[in-house]
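The residues making up each chain are set out below.
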Amino acid sequence: IAGITQAPTSQILAAGRRMTLRCTQDMRHNAMYWYRQDLGLGLRLIHYSNTAGTTGKGEVPDGYSVSRANTDDFPLTLASAVPSQTSVYFCASSGTFSGEQYFGPGTRLTVT
Amino acid sequence: AQTVTQSQPEMSVQEAETVTLSCTYDTSESDYYLFWYKQPPSRQMILVIRQEAYKQQNATENRFSVNFQKAAKSFSLKISDSQLGDAAMYFCAYRSASGTYKYIFGTGTRLKVLA
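Protein chains in written order, with our numbering: chain A, 1 to 112; chain B, 1001 to 1115.
Bound conformation, chain A alone (with noise of 0.2 Å):
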């Protein structure tokens, strides 16, 4: 593993049902975040974490959940999906003193 990766690379899931994102890096940096990108409203951050065992909430938190039980690890699920959630969902990660914020390659989500 180098860098961030993120699974599944696409999913479509129907309405009401749960579904976890995964996100791990292999940087071993303190601070991990998800976001949401969506057509003509840029990112827009979900939850973060500064560091292990800590998440705060984003922009747009409702609907989602975040645990960050290690270092590399931060999964976003999502409760019961609803179609406002399809969107492409990045995960980040950024040593805390060096500012650069690092992207895995996002996954595609549908919800019908």
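A few of these clues could be false.
[Claimed, not checked] Here are the computed lysine to aspartate or glutamate pairs in the DMTMM-like style, where the Cα-Cα straight-line distance is at most 25 Å:
no. : chain 1 : residue 1 : chain 2 : residue 2
1   : B       : K1073     : A       : D26
2   : B       : K1078     : B       : E1061
3   : B       : K1073     : A       : E100
Hint data in this document are derived by calculation from the structure and do not stem from the laboratory. As the structure is a computational prediction, the values presented were derived from the model and not from experiment.
Fit chain B to the supplied structure of chain A, relying on the hints for placement.
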């Protein structure tokens, strides 16, 4: 709360010419980072350039340079000698140097490069 504004949804440039993408931001903080990211059709987000607010000198990376005007809260990206591979979405981003380390992104500018 901090905000980042990219007022140009789309820009076009002729190959080998120069183009400038605009970005303004709003913050009450004095220490922060600013970034430009490129997103080609592959969807991968790629860091183009970064600027620390305490540095007066504008950052430069090969054909990419910024015009950082701290007092005006402006952070434009200049691409010189534009190439077909520069065609992409470009996002401006802000991050505080302290606190929660959250990033704020603009809505993006789509750059088209004409052959």
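Status of the hints after comparison with the structure:
1. Our distance criterion of 25 Å between C-alpha atoms is broken by K1073(B) and D26(A), whose separation comes to about 35 Å.
2. Straight-line distance between C-alpha atoms of K1078(B) and E1061(B) comes to about 10 Å, which keeps the hinted pair within the 25 Å bound.
3. Between the alpha carbons of K1073(B) and E100(A) the distance comes to roughly 20 Å, so the proposed pair stays at or under 25 Å and holds.
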